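Engineer: Top line first, the protein sequences correspond to chains A and B.
Everything in the first sequence is counted per my numbering, starting at 647 for the first residue and increasing by one.
Everything in the second sequence is counted per my numbering, starting at 299 for the first residue and increasing by one.
FYI, nobody ran anything at the bench for these hints, they're computed from the structure.
Please read all numbers here as calculations on a predicted model, not as lab measurements.
Glycine residues also receive a C-beta, built at the ideal position from the N, C-alpha and C atoms.
Warning: the hint list may mix true and false statements.
Stated by the list, open to error - Label pairs and their computed distance ranges (CB to CB):
1) LYS972(A) to GLU302(B): 56 to 62 Å
2) PRO355(B) to LYS814(A): 31 to 37 Å
3) ARG319(B) to GLU975(A): 30 to 36 Å
To be verified - Calculated lysine to any residue pairs in the SDA-like style (CA-CA distance at most 20 Å, straight line):
4) LYS331(B) to ASP775(A)
5) LYS972(A) to LEU356(B)
6) LYS321(B) to LYS965(A)
7) LYS965(A) to GLY977(A)
8) LYS368(B) to ILE881(A)
9) LYS325(B) to LYS965(A)
10) LYS331(B) to GLY780(A)
11) LYS368(B) to ASP758(A)
12) LYS965(A) to VAL991(A)
13) LYS750(A) to ARG311(B)
14) LYS313(B) to ILE803(A)
15) LYS325(B) to ASP802(A)
16) LYS814(A) to LYS331(B)
17) LYS368(B) to GLN763(A)
18) LYS303(B) to ASP758(A)
19) LYS750(A) to GLN314(B)
Said to hold, decoys possible - Some residues of chain B that are not near chain A, with every Cβ distance over 12 Å (derived):
20) LYS305
21) LYS313
22) ALA333
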Amino acid sequence: MNEEKKIIHYDALVVGGGIAGGEAALNLANSGYRVLLVEKERSLGGKMILLSKVFPTLDCSACITTPKVSEIARHKNITIFTESEVTTIDKRSENDFVAQITKKPRYVHVEDCTACQLCEQACPVSVRDEYQQGLIGRKAAFIPFSIANPKAAAIDIENCTLCGACEKVCPTHCIDFTMQPEQFELHARTVVMATGFNLFDPLEIPRYGYGQHKNVITSMQMEREIAPTRPFNTILRPGDGKVPDKIAYVLCAGSRDASVGNPICSQICCMYSIKQAQLLMGALPMADVTIYYINIRSFGKGFEEFYQQAKGMGVSFVKGKIGTIKEKENGNLILRYEDISEGVVKEAEHDMVVLSVGVKSNPDAGKIFPQGALKLDPHRFVAQTDLMGSPAKTSIDGVFVAGTASAPMDIPDSILSAGSASSEAISYIKQHQEA
Amino acid sequence: MEAEKGKTARYLREKQGVPERVKEELKEFNRIKRAITGALEQEDLTIAQLAERLQMPLHEATYYLLTLVKYGVVATGEIDDMDEYYSYKLVK
C-alpha cells in the first residue's frame, strides 16, 4: 500500500459511474463545477453498457451509452477514478464533505495502453469472464469488454501467475506490477450517490434449479447472448451448445416475493423480458418463446404497445406461477406451474429457461456514512426524505441520490433522476457558497 | 528493491509469490485445452461428441470449447441438418 495520502479538492463527488452517476457528473461539469466520479468497476457505464437493446424503442444500448461515456471521460471538468472505492464520507460543515477513497492498482498505465490486446493473446491464464456473465472465459491480462471505457488492459491480479508474458509483448511497456493501492482524501462541497442496484441471485430460490440445471440462465446472461458483443456466434444453451427452439421466461424471479425478502415489483423485468423475447424471435425465427407471468406491468410510455407488438409477433403469454423446474436427461426442462387463469397445475417442456431476475438494493450506500446518517428505506434503497417535493434529497443535507440507488427504475427514469440530483446539488453549492 | 521496466512481474513474484490455487487452475486449463485440441486434430466434432470422447460433462465441454473459440484456437463449423448443433474445428 502506498501510505502517502493525497489530499484533493473538487466541487462535487459522484459515487457510481453507471448511467445515472455519469449523467449527474456531466450536468454538474457542464455547469462549470469540477467533479470527481468514482466507479468501483474497471469501466464506466454500469449495467446499461452491457445490455443489448433498450425498451420500448429497441435502440442499441451501446450506441446510447458509448458516446455518453466517452463525453464523460473527455470532459475537462470530470476526473474519473475506476476500480476505486469510497470507504467513508464525513460531513464536516455545509461546505466540506470529506471522503476517504482507495484506488486499486490496475497494473497498467492506462494513458500508455493502446488496447492492442497483445497482452491478452500472450496471457496463458483463463478464468470465467464476469462481463459475459460467466458464459465464457477470459484471460488474466484483458480488456474488460470491447466497448469498455477506459479501453485499456487490466490485470486480474487474483488469478495472475505473474509469468510476465504480458509484459514481454507489450509494445508500450505500460504493464507495471509495482503499482500499489493509492489513498486519497477528497474534500467536496456536495455528494451525489449513484450506487445503482444489485441483481437478485437466483440461487436463493433452489426450486428453479439455477446453477444445477445448466440450461436455466438469468436474464442478464440472455442479455449477453443477444448483444452484438455476445460470447457465442449465436444463441446457444450453455448446457450443451444446442441452438434452443423452445424458450421460457419466468417473470418475478426474486421480485414480489416476500419469502426471499424482496416483496416489491422490480419495475423493469416485464419489459426487458418482452424486449428479449422480441429480439430472440428476430435471431431465431423458428423459436417458440413463452413468458410465464403473474401480471404484465406495462405502465410506461409506449410499453403497452410494445407488449401488444410482442403478442403480435407470436410470443406466448401464460398467466402462471412457476412451482418447480426439473431437468430431463437431454437437458430440456419441465416447468410445473399453476395456470392462474384456469386454476389448475400444469407442466410444460422447454429447452431453455430464462429467469427474469429482479432488482435489489445496493446497501453499500448506507455503509459509507458514519452511524447510519444516510437513511435507507425498508427495502434498503437510499431513502428519499421529500419524495414529492424534492426527490433527490436524502437524510443528509447536501447529499443527493440519483437513479436506482433510490428505487428500481428504468433507464429514462434513471436519467431523469440524475438530472434532478445534479440540479439539486448545483442549487446546494450555490446556496452554501462561501462569501 | 528496484524493478526493471518490462520485468516487473518477476519483482512481484519474488515479493509475494503465486498462490497454489492459481498454478493448479492454469495446469487444469492447459490439460483441458490439450485434450480438446488433440481430439479436434483428428476430426471436426460437435460438443456432445467431444464431451463423450473426453468423458467430460457436457456443460464443461461447452464452456471450454466456446472459450477456445473466443481465443481463436477453435473455429465454429457447420450446423447439423436439424439446425441444432454446430460442429467445431481446429484453427490450423
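Engineer: Each of the hints needs a verdict: does it hold here or not?
Structural biologist: Each hint tested on the structure:
no.: 1; hint: LYS972(A) to GLU302(B): 56 to 62 Å; result: holds (59 Å)
no.: 2; hint: PRO355(B) to LYS814(A): 31 to 37 Å; result: holds (36 Å)
no.: 3; hint: ARG319(B) to GLU975(A): 30 to 36 Å; result: holds (34 Å)
no.: 4; hint: LYS331(B) to ASP775(A); result: holds (17 Å)
no.: 5; hint: LYS972(A) to LEU356(B); result: holds (17 Å)
no.: 6; hint: LYS321(B) to LYS965(A); result: violated (50 Å)
no.: 7; hint: LYS965(A) to GLY977(A); result: violated (25 Å)
no.: 8; hint: LYS368(B) to ILE881(A); result: holds (15 Å)
no.: 9; hint: LYS325(B) to LYS965(A); result: violated (49 Å)
no.: 10; hint: LYS331(B) to GLY780(A); result: holds (18 Å)
no.: 11; hint: LYS368(B) to ASP758(A); result: violated (26 Å)
no.: 12; hint: LYS965(A) to VAL991(A); result: holds (12 Å)
no.: 13; hint: LYS750(A) to ARG311(B); result: holds (18 Å)
no.: 14; hint: LYS313(B) to ILE803(A); result: holds (14 Å)
no.: 15; hint: LYS325(B) to ASP802(A); result: holds (18 Å)
no.: 16; hint: LYS814(A) to LYS331(B); result: violated (23 Å)
no.: 17; hint: LYS368(B) to GLN763(A); result: holds (13 Å)
no.: 18; hint: LYS303(B) to ASP758(A); result: holds (14 Å)
no.: 19; hint: LYS750(A) to GLN314(B); result: holds (17 Å)
no.: 20; hint: LYS305; result: violated (7 Å)
no.: 21; hint: LYS313; result: violated (9 Å)
no.: 22; hint: ALA333; result: holds (14 Å)
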